[in-house]
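Line by line, the protein sequences give chains A and B. According to the working numbering, the first sequence holds residues 1 to 124 in order. According to the working numbering, the second sequence holds residues 125 to 247 in order.
I should point out that these hints are in silico values taken from the structure, not numbers from a laboratory. Where a beta carbon is used, it is the ideal one built from N, C-alpha and C, also for glycine. Be aware that a few hints might be false.
Stated by the list, open to error - Under 10 angstroms between C-beta atoms, here's a sample of chain A residues computed to sit facing chain B:
1. Leu9
2. Gly30
3. Ala35
4. Leu41
5. Asn55
6. Arg58
7. Ala78
8. Thr81
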Amino acid sequence: MNKKRPVNLDISTIKLPITAYVSILHRVSGVFLFAGVAFLLWMLDASLDSQEGFNSIRDLGANPICQAILWVVLAALAYHTAMGIRHLIMDFGVGESLKGGKTGAWLALSVAVVLIVLAGVWVW
Amino acid sequence: MVTSVTSFGRSGLYDWLIQRVGGAVMAAYTIFIVVYLVLNPELTFEQWQSLYNQLWMRVFTLVTLLSFISHAWIGLWAVLTDYLTVRLMGSKATFLRIFAQIVLGAVAVTYLVWGVQVIWGIN
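Let the hints inform the model, and build the full structure from the sequences given.
Here it is in structure tokens:
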């Protein structure tokens, strides 16, 4: 292979389509969730441990920082799940064209935004 | 060149399938928990504990945890082999990537053991 072929991978000079943005956010949310799951496991642990632990998780609203963390984790989960389902639909051969891919990206993004707002309503 | 020796299923096709099956399991678990909590706004501690005391719920939770660590490993592998490369990081890239994979693998196994303790430690 000719190793001297020109390569342009300078991301700052490339105009990205919506599909690229939802894709990189899918990655970012996934990496974030790997850490965020610690918070969810901690909640499960405390809620199953004792009545006091259960009460503290039920009354998480008393601690605005915990509330905010939970919402951010749920937001990442909602986004990542919506984009994952988009992937599964595309794996079945639906929406694989350029136009279909863009439409799917906007649809999944809309679903994610609705879910993130609902998660906020639920947490607060 | 990046080799695939640290991938999860040792082939792209296996990784592809494992990641999707795991994703579907986690989506099902998430939807189940959200629906359960929405339908039970006055949930009590006893009710919550008895849910997790049932064998099927423990199996469902364990399968979800296993899905999580395999799905995460495959996803993190894809991210690490894309960004911790010789082109972006220089000659130390492989060392950095393997180090990151060891740390993330240790975290993943810790999640699994912790999760098993949570669901089998209910009194």
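Item to check | Numbered hints the structure breaks, given as an ascending list | outcome: Result: no hint breaks.
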